[in-house]
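When you get a sec, could you build the whole thing from the sequences and use the hints?
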Amino acid sequence: MFIRLSLFAGALALVAPPFVSAAEAPEIHYAPTENLERLDVTLLRAARVKIDLAAYLLTDQPVIDALIDAHRRGVAIRIVLDPSQSSDLDRLREVSQSLRTSPPGPFMHLKSYAVDDMLLRTGSANFTASGMKQQDNDVVIIRDRAAAQTFEARFEQIWSAAKPIIPPGPAFASRVAAPPFDEIDSAGELRDQREHQS
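When you line the sequence shown up against mature numbering (1 follows the signal peptide of the UniProt record, and there is no 0), it's residues -22 to -1, 1 to 176, in that order.
Simulated from the structure, these hints should not be mistaken for laboratory data. Quick caveat: nothing in here was measured; it's all calculated off a predicted structure. All residues carry an ideal CB built from backbone N, CA and C; glycine is no exception. Watch out, some of these pointers could steer you wrong.
What the hints assert, rightly or not - No more than 20 Å apart at the CA atoms, straight line, and that leaves these computed lysine to aspartate or glutamate pairs for EDC-like: (1) K141 - D47; (2) K28 - E134; (3) K111 - E2.
Claimed, not checked - Here are the computed distance ranges between Cβ atoms for each label pair: (4) F85 - P142: 13 to 21 Å; (5) A24 - A3: 29 to 37 Å; (6) I6 - P40: 30 to 38 Å; (7) Q75 - Q135: 26 to 34 Å; (8) P84 - R23: 18 to 26 Å; (9) R26 - A124: 14 to 22 Å.
So, in structure tokens, the structure goes:
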């Protein structure tokens, strides 16, 4: 009997799906019943080494503050934004060397980041005050190295294809109806983003 159980257990181990791991169960959070902004700020403040963030929209001030604070603590930060969307570039200027837009074309519609290759945050909530506090959205937190590394592999592809953003100068002080920002093309020339909108 013991031998049969041992053989069965061994056979089961061979056919077990590769995604089974001892990782913590994912955390699932929902707005508006939960304040997802507070959750994101807490997760970003816990970063020690790096944050890679891909965002369709990034305008939430506390989240931007948490990214800037992480940068000041020496955390390496890379951010890729969708070029069709406005973000608070005045505030993100401090991490501008690590700020890019995805190439024109299909939306870069992720709302995800990885922290220290150990945590993945993903879900439907944009990094906006309304997306994280007022709309029906979800955020899934996965504390698993493999999940974070899977996101990192995709992020590297997006990052490699993305273009660096030149943050606007002091004249861009107004947050109302801000024009699209400029970017550097592959030849290193400054190009107005509005060329892509016609």
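14 to 22 Å as the expected CB spacing between A124 and R26, which holds or is violated: Given about 20 Å between the Cβ atoms, the range holds.
Cβ separation of Q75 and Q135, checked against the hinted range 26 to 34 Å: 20 Å, violated
Agreement of K111 and E2 with the hint, judged by alpha carbon distance not exceeding 20 Å: The given pair, whose Cα atoms are some 26 Å apart, is violated under the 20 Å limit.
Distance restraint between K28 and E134, which requires alpha-carbon spacing of 20 Å or less: OK: K28 and E134 at ~14 Å, within 20 Å.
Range hint compliance [Cβ, P84 to R23, 18 to 26 Å]: 32 Å, violated
A24 paired with A3, Cβ distance criterion 29 to 37 Å: Since A24 and A3 have Cβ atoms about 19 Å apart, the given range 29 to 37 Å is violated.
Outcome of range test on Cβ distance (F85, P142; 13 to 21 Å): 20 Å, holds
Satisfaction of the hinted span 30 to 38 Å by the C-beta atoms belonging to I6 and P40: 21 Å Cβ-Cβ, so the 30 to 38 Å window is violated.
Distance restraint between K141 and D47, which requires alpha-carbon spacing of 20 Å or less: Cα-Cα ~24 Å, so violated.
Checked against the numbered hints above, the structure violates hints 1, 3, 5, 6, 7 and 8; every other hint is satisfied.
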